[in-house]
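Undergrad: What follows is the residue order along each chain.
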Amino acid sequence: MGEEQVRPRNDMDKNMKTTFGSQTIELNPSGEQYVASVEGKNVIVQVIRAANGRMDLLVDGQRVTAYVSSDMAKRWVTVDGKTSMLTKTSGAKQGVRHDHAGGLIAPMPGQIRSVSVSVGDAVKKGQTLLRMEAMKMEIRIQALKDGVVKSVSVAQGQTVEREQILVEVE
Amino acid sequence: MGEEQVRPRNDMDKNMKTTFGSQTIELNPSGEQYVASVEGKNVIVQVIRAANGRMDLLVDGQRVTAYVSSDMAKRWVTVDGKTSMLTKTSGAKQGVRHDHAGGLIAPMPGQIRSVSVSVGDAVKKGQTLLRMEAMKMEIRIQALKDGVVKSVSVAQGQTVEREQILVEVE
Amino acid sequence: MFKKILIANRGEIAIRIMRACRELGIQTVAVYSAADAHAQHVQFADEAILLGDAAPKESYLNVDKLIRAALDSKADAIHPGYGFLSENASFAAAVDSAHLTFIGPSADSIRAMGDKAESKILMKKAGVPTVPGFEGLETFDEFKNAASEIGYPVLVKAAAGGGGKGMRVVNSEAELKEAIETARREALNSFGDEHLLIEKYLAEAHHIEIQVFGDKHGNLVHLFERECSVQRRHQKIIEESPSPLLTPELREQMGQAAIAAARAVNYHNAGTVEFIFDPKTSQYYFLEMNTRLQVEHPVTEAVTGLDLVHWQIRIAAGEKFPFAQSDIHQHGHAIECRVYAEDPFTGFLPSTGKLLQFIEPHGPGIRVDSGFATGDDVTHFYDPLLAKLIVRAENRTVAIQRMQTALQDFIVHGVVTNIDFMRAVLETDDFKQGIISTRWVEKTLESNSGLLDSQQQVPALHSLIAAALADVVFISGRAQPAVSNETDPFNPWKQTGNYRN
Amino acid sequence: MFKKILIANRGEIAIRIMRACRELGIQTVAVYSAADAHAQHVQFADEAILLGDAAPKESYLNVDKLIRAALDSKADAIHPGYGFLSENASFAAAVDSAHLTFIGPSADSIRAMGDKAESKILMKKAGVPTVPGFEGLETFDEFKNAASEIGYPVLVKAAAGGGGKGMRVVNSEAELKEAIETARREALNSFGDEHLLIEKYLAEAHHIEIQVFGDKHGNLVHLFERECSVQRRHQKIIEESPSPLLTPELREQMGQAAIAAARAVNYHNAGTVEFIFDPKTSQYYFLEMNTRLQVEHPVTEAVTGLDLVHWQIRIAAGEKFPFAQSDIHQHGHAIECRVYAEDPFTGFLPSTGKLLQFIEPHGPGIRVDSGFATGDDVTHFYDPLLAKLIVRAENRTVAIQRMQTALQDFIVHGVVTNIDFMRAVLETDDFKQGIISTRWVEKTLESNSGLLDSQQQVPALHSLIAAALADVVFISGRAQPAVSNETDPFNPWKQTGNYRN
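Sequence order for the protein chains is P, U, W and H. Each residue of the first sequence is one higher than the last, beginning at -9 in this note's numbering. Each residue of the second sequence is one higher than the last, beginning at -9 in this note's numbering. Each residue of the third sequence is one higher than the last, beginning at 706 in this note's numbering. Each residue of the fourth sequence is one higher than the last, beginning at 706 in this note's numbering.
Next up, chain P with everything else stripped away, as it sits in the complex (with noise of 0.2 Å):
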């Protein structure tokens, strides 16, 4: 093929495995290439070319531009113009981010503009528990189910961080 070949390293001649939310691949270096199994599929990868967070592959004989960024245990992917952001974890972390299933977070950063409930308060799916400014617009936290408040880890006025729990309903 004329391509530049790249070597898989020595130290990672042995199979490898990374779970992105409910997925799990598996690379298996093999010569020049990898073997790359999801959900009990193979297919053949070869690197072509890596710079700058560009990654040319050839899978299974196909030519496959990837840019891939990298933050913490976050992946920033695109290819073909669609990017998607997979987040690395292992088995046993696996559903951390359901642990909020019940409380409400901060959708980005903030303001607190103003509270309406307390702890013990019963709210109805839907009734707007507090309201945040950010970016000059108004971003009303509404109760996702009927239940009773839990906890309120804010006060008017408070700034708050992206994903910071705000109240837990229960």
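Any given hint might turn out to be false.
What the hints assert, rightly or not - Restricting the straight-line Cα-Cα distance to at most 20 Å, the calculated cross-link-like pairs of lysine to any residue (SDA-like) are:
id, chain 1, residue 1, chain 2, residue 2
1, U, Lys7, U, Gly71
2, W, Lys870, P, Arg103
3, P, Lys72, W, Thr1110
4, W, Lys779, U, Leu48
5, U, Lys72, W, Lys779
6, P, Lys64, W, Asp1081
7, H, Lys882, U, Ile129
8, P, Lys64, W, Phe1063
9, W, Lys708, U, Gly51
10, U, Lys7, H, Ala1165
11, W, Lys709, W, Ser802
12, U, Lys64, H, Thr1051
13, P, Lys72, W, Leu1131
The set of hints was computed from the structure by calculation and includes no laboratory data.
Knowing the structure of chain P, use the given hints to seat chains U, W and H on it.
TA: For chains U, W and H alone, kept in the frame of chain P given last:
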């Protein structure tokens, strides 16, 4: 001015003298700035930002953006859209390039097409000494002055590098 | 001509204005807040002046600091860009009083059009068609009665407003009270004025606007229309020119109506007259006039070949138009996509973070007006517009194809963007047929039409492979990189410190 | 429409063609020589096939290998670009024989225009004005007599040639013999044919060419002129449209002459009819017809709004023009500057090396067609064209201003370029007045007019300071960088291995 200030490094807290061709510049750290001296003239230099080969400077209060790349002793510098190539020289090495005053060097890599003179030949200024081919063009190497051929370093068909000496005339 | 212009703005529009200044041989002064010390617009300018803290009131909205910065830097004019103080009549007046030139219309023109209620009355007088509705209401009962008379759905919106802020659609009387309260709060917060007006909400309407331009010698021309109906949260995301809906006759009528609107307020410099267009009846109604440069002005530049910012500056300096209406033509087709740091899956809430990768597309007919670069932070302090992507082609079909490939080549990592969403919109039959109305995005998302499904939540096989391989190929801090690439001596991935793990 | 196209070329033109293919939904196959394994055009394509060694004969000029690559990759058409095999009738015929489509004119059209002597005879028959001269001469005496009859200065040039190769200006009989010998050698070497023709050399002439385009259904249109008189070594470096010299009447006459020339050889697809224009008499003479896409085609795209490569592909696939001559207009003004790796101080000899920095300019009205990126090698194997910089503006004055700032923003380190030289040319009164003839560069340099002096050989103070500071600020391998910049996590200067010292 609210600009981010960059402190000269501690291990650099002494005067630095650099010579490019015939010009020598001295940089003296002074607080958070430098005093640059060229031919007895002093200017105050402050580094606002430096990344990816680009520097934003304040030179006597005037904002200057410069791009600098380095290759061995060469420095490529672009300021206000003007690009210069400077060569760092020590005092001892100055004038190295003039050693070849009588020697004709290849202006670019290429192949020798024909050699028209031999050692001992008398040549006239402007006489074609050899022809080379590069980038599909024929380049004639001509004598810069009347003289006698002292050496011929290449033969027909030979591939030559840029700045390789081809013929010397005395 | 001016020697030095201060640009009282940030981001892509500040840079776009500075480019025009450079081409005209004019020095530029950037202003910035503490959050923007490293911003691209600061790096682009000849001089840069810190205004204060990140909060707009301390920086980009602070009239006194801006005037002082202009005087200190010996600028002779101020360009306000769009947003911030661009439609603030007091700012324009303050610039005048400081013996500086405001690059825009007169303070009087801004004031006349700034109050949506008053301007509507003015337009009725000038014979420009307006949407059925009422101005100057105060009590809830007045609003309630007005709404009943107009018939639901109605729209309440800030009299001083623009850009979708302080605006609410009300479908029934039950929603009216909260809508009025929220709109008032947003209006007060955004524009310092809580007055609202109420009008008929045209559900299937298109938003079509006409660019107008006047010099200080009484010449007024229009530069044709922009179709801006692809909106979410009442804010435009895709604009184009020409509009697929207009016939030459309608275009001419609306152009003349826009000129009449501008003439009614003695307008000079660039302005936009926005119309609501009902495709069923081909009726158009004056919505409001934006007395400033518009975000989507590049679409007009692409089809007319005129540089609107050059002309803003030249007009402000007193030049006369060398052309008449008959010299101006629309050629080809242009589309703009606004690339926002926002998440379509959370109702388009803004997304913040550090840009880990920011690669702009290039190619014939492609223009990118951007305010960011790899490594920059997208903060929650300001509008989440990352860049505007504009394509020009000989017809609408080719323009859509070109935009699709350009969006595909636009790589942004570190914040969630609307790029994939816009690709999905461009792919729909509705867009291809040019029949998207202003409520289309909202309705289409509500009806679960697959607009978001097409952006698979489960990553494709190739993405998974790439993500897993990246750790092997790029992670450093080990013996040596798995991939050596001699053509790339500056490969940052070879360096431990760069892999943020 | 085609499903897959092989591009038998490299560099910027290969990428430009691939962009068009992508927009039309067509897969692309790149070909490359061993020297180009890392080249940008290889990275841009959907597939890439190695042809052979760096020497063109082993790769980009190898007909058999190219046809085999097209068949192997199941391409259904080949686009030849410009240069290489683009005007080789045998190649076009071989593509046909392999049941592939050649994206260009027929082999017969190429052949008819390929021989400069024969085509001149053909043009005389078709009523197209030609330069006084003689074809079909063999002996030195024949040339000598012809030259005397025409009157010195005369031009000897390759009958099969183009692009300035195998071409010599002869000012007196004393120079004639060596000129003929050199031209013959170059002709043989470049085109495999040593036949020469001789004609009157018009010293103050302009080079003005007309873009023509034909479909396979007999429709032929012209897309107006390009003024290409800024040349060094008989090769263009700056082109523009419209030409400052042409009146609407002359433009129409030359357009019709170009269509007549194309019709005489049953032309379809894109072609260019080159004319010599004498500004004193406003006479124009047919020079040659280039039966391919031209380097400077973006200038025409900018003023007509048509995408020439799209249309090349669509015409080759059998489509009919949906427009007539009267639908095509020139709008605004466009200029192209060819950024070459060449040194104006050594008579524009090519410069080779690794690109240490390659930053392209961006902005409204700016287009860059480039084949290189930072880290790439510029080798001596191929043409030293790095990129084409094209600007579009509403008139010539603004276009020149825009080009000046764009050139200023084009940063190339590692090879010497002609950027500063082109800036100096654009700055001259002669360029501003549009009176530059094809010999202007040569004459101006000979007369020591300061064109090169303005590019100070002694670096300015600011450059010296920057060069000295770089070692302090950027050199790593020491404790830690002097400058920390949090917005730039990938700063390559922080890394020892990247500072090439």
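Undergrad: All hints, please: hold or fail.
TA: Evaluated hints:
As the CA atoms of U:Lys7 and U:Gly71 are separated by approximately 26 Å, the hinted pair breaks the 20 Å bound. A distance of roughly 17 Å separates the Cα atoms of W:Lys870 and P:Arg103; the hinted pair therefore holds under the 20 Å criterion. Taking the CA atoms of P:Lys72 and W:Thr1110, the gap is about 12 Å. The hint holds against a cut of 20 Å. This hinted pair checks out: W:Lys779 and U:Leu48 have alpha carbons roughly 18 Å apart, not beyond 20 Å.
Restraint check: the Cα-Cα separation between U:Lys72 and W:Lys779 comes to about 27 Å, which exceeds 20 Å; the hinted pair is violated. A threshold of 20 Å between alpha carbons decides the hint, and for P:Lys64 with W:Asp1081 the separation of about 18 Å falls inside it, so the pair holds. At most 20 Å may separate the alpha-carbon atoms for a hinted pair to count; H:Lys882 and U:Ile129 meet this at roughly 18 Å. Restraint check for P:Lys64 and W:Phe1063: the C-alpha separation of about 17 Å stays at or below 20 Å, so the hint holds.
With a CA separation close to 18 Å, the supplied pair W:Lys708 and U:Gly51 stays within the 20 Å bound. Restraint check: the Cα-Cα separation between U:Lys7 and H:Ala1165 comes to about 17 Å, which is no more than 20 Å; the hinted pair holds. Distance restraint check for W:Lys709 and W:Ser802: the Cα-Cα separation of roughly 18 Å lies within the 20 Å cut-off, and the hinted pair is therefore satisfied. At most 20 Å may separate the alpha-carbon atoms for a hinted pair to count; U:Lys64 and H:Thr1051 meet this at roughly 19 Å.
This hinted pair checks out: P:Lys72 and W:Leu1131 have alpha carbons roughly 14 Å apart, not beyond 20 Å.
The structure is inconsistent with the numbered hints 1 and 5, although it conforms to all the rest.
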